[in-house]
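Model the placement of chain B on the given structure of chain A, informed by the hints.
Here are the chains, one letter per residue:
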Amino acid sequence: MARRETGMISREEICRLFGRLLARRRSEAKLSQRAFANAVGLSRTSITNIERGRQPVNLHTLYVMADILQRDVADLLPPFPNSPIGSPLSDEQLDKLGPGERKELEKLSSKESRWLREIAKAKPQKVR
Amino acid sequence: MAKRNSEGKAPEGEVATLEIKKIRDKVETLLKQSRISKPPVPVQKIAENLGLDVRYAPFEGDLSGALVRGDGEAYIGVNSLHHPNRQRFSIAHELGHYMLHKGMKVHVDKDFHVNWRDDDSSKAINRDEIEANRFAAELLMPTRFLVRDIEELKSVNQEIAHTLAKRYKVSSQAMRIRLGNFGFIVPE
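Protein chains in written order, with our numbering: chain A, 1 to 128; chain B, 1001 to 1188.
Extracted from the complex, chain A is given alone in its bound form (with noise of 0.2 angstroms):
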């Protein structure tokens, strides 16, 4: 695989995009940060900090989170930012988006976006 040109995610960066991820899939399961933490085992403000990006979280809790939120373990972990490989679209396309429209993307879960790449990537079935 090719290197990146933006070069090594920082532990700040990946915490940060963890955090928001975490915070949508939690909202998104119509979940507390009080609920979620008590089913995690984690204190409320553990789960603010995480969600801010001021806490990082081991593996296990990740598979604690994925469970709970009824997800793929996927499902929480950020892609590289400005990637193709976890984005369905190429850097040139994602540039051009506006905020409203990578907000979107974000939303699609790991099996949705798996789909769009696939599309992405298909041959068009012409008529005749």
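Rather than coming from a laboratory, the hints here were simulated on the basis of the structure.
Given the structure is predicted, the values throughout are model-derived calculations rather than measurements.
Certain hints may be false.
What the hints assert, rightly or not - Computed footprint of chain A on chain B, listed as stretches where at least three residues anywhere in the stretch have a Cβ under 8 angstroms from a Cβ of chain A:
hint, segment
1, 1038-1048
2, 1145-1153
Unchecked claim - Listed below are the simulated DMTMM-like cross-link pairs for lysine to aspartate or glutamate, each with C-alpha atoms no more than 25 angstroms apart in a straight line:
hint, chain 1, residue 1, chain 2, residue 2
3, A, Lys121, B, Glu1152
4, B, Lys1045, B, Glu1073
5, A, Lys123, B, Glu1019
We put the CB at the ideal spot given by N, CA and C, even for glycine.
Just chain B, lined up with the frame of chain A:
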């Protein structure tokens, strides 16, 4: 017909009269350009005439279609696991977004009937979806063709609705809703 307020805005779930006229005119133009004079309307061919590729991939679940617009290319994605009639509706729905909602570069439709909650822009998104649905209904069951088929009728029963659905290659449900636009209530 539902009541309208003084600004002429349609109640939620409906498209304003003016919008319907706009949508109908766009559909008419498309049908004329593609020289289509009878059902079933070849939606994929119309998409291709507009320069839109139609691509298929399977998805287990409610995801029905997508519209992607880049500089040089634009395409419609369809869930190949859905019933062919539903695939036709999905293509028509995405064509609706393409014709009516210029801003969207990437748009994925999970379920047209979903109420988009807890989102700042939920109202606007909802309106776009309703308009795209109306466009799809007008394109698959054009007023001009459908009026020909039903003008002599006093009422529509299930059997007639079913026959019409087959002729237009749409689901019975889609036909039932469409007949409602013309004041026909089909008994369940």
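Cross-check of the supplied hints:
Residues of the segment 1038-1048 of chain B lying with their CB closer than 8 angstroms to a CB of chain A number 4, which satisfies the three-residue condition for coverage. Requiring three or more residues with a Cβ within less than 8 angstroms of a Cβ of chain A, the coverage given for the segment 1145-1153 of chain B is violated, as only 0 such residues are present. Pair hint lysine 121 of chain A plus glutamate 1152 of chain B does not hold up; C-alpha atoms about 49 angstroms apart against a cutoff of 25 angstroms. Restraint check: the Cα-Cα separation between lysine 1045 of chain B and glutamate 1073 of chain B comes to about 17 angstroms, which is no more than 25 angstroms; the hinted pair holds.
Distance restraint check for lysine 123 of chain A and glutamate 1019 of chain B: the Cα-Cα separation of roughly 35 angstroms exceeds the 25 angstroms cut-off, and the hinted pair is therefore not satisfied.
Checked against the numbered hints above, the structure breaks hints 2, 3, 5 and satisfies the rest.
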